[in-house]
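First to last, the sequence lines map onto chains A and B.
Take the position in the first sequence, starting the count at 1, then add 2; the result is the number in the numbering used here.
Take the position in the second sequence, starting the count at 1, then add 279; the result is the number in the numbering used here.
These are computed hints drawn from the structure, not numbers from a lab.
Wrong hints could be hidden among the right ones.
Said to hold, decoys possible - Result set (DSS-like, lysine-lysine): computed pairs, CA atoms no more than 30 Å apart in a straight line:
#1 Lys337(B) <-> Lys350(B)
#2 Lys103(A) <-> Lys348(B)
#3 Lys11(A) <-> Lys73(A)
#4 Lys103(A) <-> Lys328(B)
#5 Lys340(B) <-> Lys350(B)
#6 Lys328(B) <-> Lys59(A)
#7 Lys340(B) <-> Lys103(A)
#8 Lys340(B) <-> Lys11(A)
#9 Lys103(A) <-> Lys350(B)
Small disclaimer: the values here were computed from a predicted structure and weren't measured.
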Amino acid sequence: NAGVTQTPKFRVLKTGQSMTLLCAQDMNHEYMYWYRQDPGMGLRLIHYSVGEGTTAKGEVPDGYNVSRLKKQNFLLGLESAAPSQTSVYFCASSPTGGFEKLFFGSGTQLSVL
Amino acid sequence: AQSVSQHNHHVILSEAASLELGCNYSYGGTVNLFWYVQYPGQHLQLLLKYFSGDPLVKGIKGFEAEFIKSKFSFNLRKPSVQWSDTAEYFCAVNGLGANNLFFGTGTRLTVIP
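Here chain A stands alone, though its shape is the one from the complex (with noise of 0.2 Å):
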């Protein structure tokens, strides 16, 4: 049992590239966070789903897309990097909402140049 996978581990991106990141889940769960984590800031989230076909916004959501086509997987879209995207993204998954089961990744350290 994997739980939450995330791929890649370790990105360097130019300005200006695009770039998707790949959050899979093997346990069924209906909820899907993106967060970011910057240095003195804590996580904050920035999309979420809660269930295949759908996408919300969360606390930061400029600069990304998501995408929820399977219910397993939750894509996070860099459509256009800037500096400002550099951090540490984490997925998480969750049965229900509510978080009282909260599963994270092992993080993407993603830098922007």
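Following the hints, position chain B against chain A.
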């Protein structure tokens, strides 16, 4: 809007010392409260949570936290820390029914052998 404050940014203790990490939140309604731990290079793991009932909750690895509603606080405690407790600790708050978990900025704990 919800917010979470963790006043201690970096705490350094010797092994066997007692630990108390502060967490205060602002939210006008019913809340669910969490403490997460992030060991170096790892993903966030749940230490303990409070949803209702006894305001003193016990978690894994000997940690406990007390919810004091009148003070909007949820401080984390451990009577005797170990070197293996070296990690970053995050307090988080979810307003009942809301689709976001708000994290504090984290407290880095260093335990000296």
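Tested hints:
1. Between Lys337(B) and Lys350(B) the alpha-carbon distance is near 20 Å, which keeps this suggested pair within the 30 Å criterion.
2. Distance hint between Lys103(A) and Lys348(B) is fulfilled; the C-alpha atoms sit about 23 Å from each other, no more than 30 Å.
3. Taken as a hint, the Lys11(A) and Lys73(A) pair is honoured in the structure, with Cα atoms around 22 Å apart against an allowance of 30 Å.
4. For the given pair, Lys103(A) sits about 10 Å from Lys328(B) by alpha-carbon distance, which is consistent with the 30 Å threshold.
5. With a C-alpha separation of about 26 Å, the suggested pair Lys340(B) and Lys350(B) falls inside the 30 Å cut-off, and the hint holds.
6. Proposed proximity of Lys328(B) and Lys59(A) is supported: the alpha carbons are some 25 Å apart, at most 30 Å.
7. Taken as a hint, the Lys340(B) and Lys103(A) pair is honoured in the structure, with Cα atoms around 18 Å apart against an allowance of 30 Å.
8. Among the hinted pairs, Lys340(B) with Lys11(A) is consistent with the structure: their alpha-carbon atoms are about 28 Å apart, no more than 30 Å.
9. Distance check on the hinted pair: Lys103(A) and Lys350(B) sit about 26 Å apart at the alpha-carbon level, within 30 Å; holds.
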